[in-house]
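Whole structure, please, built from the sequences with the hints as guidance.
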Amino acid sequence: MPGNGISLEAQGLTRIYGRGSEEVRALDGVSLQIRKGEFVSFMGPSGSGKTTLVNLLGCLENPTSGDLHLAGRHIFGHGQVLGERDLTRIRREVFGYIFQNFYLIPTLTVRENVALPLAFYTKPGADVEVEHILGKLGMEHRLDHLPGQISGGEMQRVAIARALVNRPEILLADEPTGNLDTTRTGEIGEILQELNRSTGLTILMVTHNPELGRLGGRHIEMRDGQAYET
Amino acid sequence: MISKFQIAHKNLLRKKARTLLTLVGIILSSWVLVSLLGFNRGYEKALNRDIDNMGYQVMVMAKGCPYEAATMMLQGGAGLRYIEEDVAKSIETRPEVDKVTPILMQAFFDPNKGDGGGIAGYFGIDLATFPAMKPFLRFHKGGWFKDPTAAEAVMGYEAAELEQREVGDLILVPEKNVQLQVVGILERTGTQDDGTIFVPLKTLQKISALDKITTIGIKVKKDADITKLEAALYQLPDMQVVSFSQVKQTILKLIATARVMVLSIAVIALLIAMVGVVNTVLMSVLERKHEIGILKTMGAMPGDIFRLVWTETLILCACGGLAGIGLALGFARLSDLLVRRVLPYAPGGELVAIDVRLALLTLLIIVAVGLLSGMYPAWKAGRIRPLDSIRGEG
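Chains as they are written, first to last, in full-length UniProt numbering: chain A, 1 to 230; chain B, 1 to 394.
These aren't lab readings, by the way, just hints derived from the structure by calculation. Wrong hints could be hidden among the right ones.
Stated by the list, open to error - Among chain B residues calculated to face chain A with C-beta under 7 Å, some are: (1) K10; (2) R14; (3) I294; (4) T297; (5) G299; (6) D304.
Said to hold, decoys possible - In silico DSS-like pairs for lysine-lysine, Cα to Cα no more than 27 Å straight-line: (7) K4(B) - K123(A); (8) K15(B) - K380(B); (9) K222(B) - K99(B); (10) K123(A) - K289(B); (11) K89(B) - K146(B); (12) K10(B) - K123(A); (13) K10(B) - K380(B); (14) K212(B) - K63(B); (15) K36(A) - K136(A).
Stated by the list, open to error - Computed list of chain A residues with no C-beta within reach of chain B, every gap over 10 Å: (16) T14; (17) G18; (18) E22; (19) G66; (20) G77; (21) H78; (22) H132; (23) E140; (24) T185; (25) G186; (26) I191; (27) N196; (28) S198.
Every residue gets a Cβ at the ideal spot worked out from N, C-alpha and C, and that includes glycine.
And the structure:
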């Protein structure tokens with residue numbers, strides 16, 4: 001059972017997808033523990049199951065079988081399937097997400113994009129000072145710019161600020177630098193590392209980039225739906 | 001902080017051309033709807049006003065088609081046959097009757113009127129009773145005749161304007177070569193009186209070489225039983241009774257078919273606009289599938305997404321509805337002219353009457369139908385799963 005300092009605990013997480021009459025075992029009985037404040041990199045070839053694992057850990061979908069505990073709270077298991085509402089409640093309380101494709105709203109300014117989650121839910125203690133977060137990410141000079149007017153690296157900074165605005169306990173980053181050049185990749189990597197160090201934010205990052213992967217304090221290699229500590 | 005309303009508003013601005021086209025559809029349908037609802041109300045109101053401005057509720061005339069006669073009278077034409085003046089005196093003794101007024105309507109062919117000549121209509125009226133029945137008539141210039149046998153005329157506002165007559169001018173009665181002096185021009189009433197030339201009854205009888213009348217106007221006492229009076233009047237030999245409440249009902253029945261047809265057109269226009277709304281909002285939802293998924297990862301519940309998309313529909317319909325109503329108000333006179341062209345009988349005054357209540361009702365209909373149309377796209381958006389927005393490698 002999860003004890004002190006344990007942020008996430010997965011036991012025998014399995015995810016099977018149907019593809020026509022064929023079953024694809026994307027994740028095959030993965031068990032792992034993640035402590036508060038850890039920076040974990042998930043690496044591995046395409047189709048190895050790393051995104052599926054992070055999606056399950058991030059409550060973006062239900063597993064086919066297996067248990068998941070989140071800060072001592074039982075989330076999945078015993079055949080229980082959570083509905084979209086329950087998943088959303090957990091997500092907005094615990095997680096922040098950043099993705100390869102940023103998904104900023106093109107008609108909203110940088111400031112408005114970051115404030116967007118607050119239109120739906122404001123967690124007690126949320127950092128409603130949007131300018132403050134953007135300032136920490138070096139974006140204070142771009143507050144009123146539209147996404148189309150800033151660079152890819154800046155867009156990802158905005159996406160990070162948006163993910164942080166409700167003060168999440170865990171940040172999930174799925175290929176956060178997949179669309180960026182080497183310089184920008186380094187910048188985003190530094191930002192994530194600094195966030196982890198200075199705020200103790202737990203970060204789970206999926207990446208193909210070995211250099212970025214090395215920034216994490218802990219590395220998990222995914223192969224054929226199974227997780228291996230490296 | 002940004003509100004859901006601001007998010008919805010900015011989403012609509014993304015595809016400006018598509019939003020504009022959808023708005024045009026809604027504007028047109030609300031324009032048509034409010035104008036037609038305004039016509040439904042305005043026509044009846046105008047008809048009532050025309051009939052009230054007759055000054056009398058019942059007309060008696062020699063036998064013939066009563067409705068044709070009534071319509072001719074409303075349009076300033078002549079009655080069909082003649083009746084004795086004594087009949088008016090006998091009717092006046094009835095307990096239900098407040099006042100009676102004898103009228104002689106005459107039409108003469110005027111070769112100088114229009115291209116190929118036309119009919120000039122004259123109303124012979126009794127100075128002692130007719131003005132008292134129409135106390136609302138006001139003079140633009142001059143006044144009533146000096147005496148009941150004077151060779152004088154009072155012209156309706158439009159009749160004077162059309163013939164460019166002023167007080168003191170002489171007019172020639174066609175066919176009879178008799179001159180009448182214009183002693184008064186009435187103010188505009190918005191009724192058929194505007195196009196009428198009034199002459200003292202005795203003078204018109206003398207010109208026409210008649211000692212009879214065509215019509216008796218009867219004003220009924222307040223709270224008197226009109227049906228009882230009509231039943232008694234029907235007993236008069238060779239007399240036709242026209243009750244204006246019946247005339248009104250008959251005209252409204254005639255117009256009912258046209259009203260149903262135009263309302264059907266309005267409903268079809270509304271449906272077409274709403275299909276446009278469904279299309280626009282649904283397309284927008286499908287295009288933003290990834291973004292909607294991301295909103296869900298941020299904590300937006302299905303209900304939040306539903307309301308967000310619904311708000312877009314609300315903005316579209318409210319803006320389109322308001323603009324359509326504004327245009328309908330701005331172009332009310334144009335609608336009035338178009339409606340008048342297609343109607344067999346159009347009363348005077350404002351035919352398309354749009355007031356605040358009607359405007360609000362139209363806005364409510366447009367918004368309600370719009371929100372109904374927006375339900376499907378909003379529901380579909382609410383069901384998008386966040387995972388749909390993430391292109392992972394599995």
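Is the nearest CB of chain B more than 10 Å from the CB of G186(A)?
-> Check passes; 23 Å lies beyond 10 Å.
Non-interface claim for G66(A), where every Cβ of chain B lies beyond 10 Å = Fine: 17 Å to the nearest Cβ keeps G66(A) off the interface.
Regarding the hint that I294(B) lies at the interface with chain A, is the smallest CB-CB distance below 7 Å?
-> holds (4 Å)
Is K10(B) within 27 Å of K380(B), Cα to Cα?
-> The given pair, whose Cα atoms are some 20 Å apart, holds under the 27 Å limit.
Would T14(A) pass as off the interface with chain B, using Cβ distances and a cut of 10 Å?
-> holds (14 Å)
Once the shortest beta carbon distance from G299(B) to chain A is found, is it less than 7 Å?
-> holds (3 Å)
Please work out if K36(A) and K136(A) have their alpha carbons no farther apart than 27 Å.
-> holds (22 Å)
Is the nearest Cβ of chain B still more than 10 Å from the Cβ of H132(A)?
-> Since the minimum Cβ distance to chain B is about 14 Å, H132(A) lies beyond 10 Å and the statement holds.
Please confirm whether T185(A) is truly not at the interface, meaning its C-beta sits more than 10 Å away from all C-beta atoms of chain B.
-> holds (18 Å)
Does the alpha-carbon distance linking K212(B) and K63(B) stay inside the 27 Å limit?
-> holds (15 Å)
Does E22(A) really sit off the interface, with its C-beta more than 10 Å from all C-beta atoms of chain B?
-> holds (14 Å)
Residue hint K10(B), partner chain A, criterion CB-CB below 7 Å = holds (4 Å)
Every hint from the earlier list agrees with this structure, and none is contradicted.
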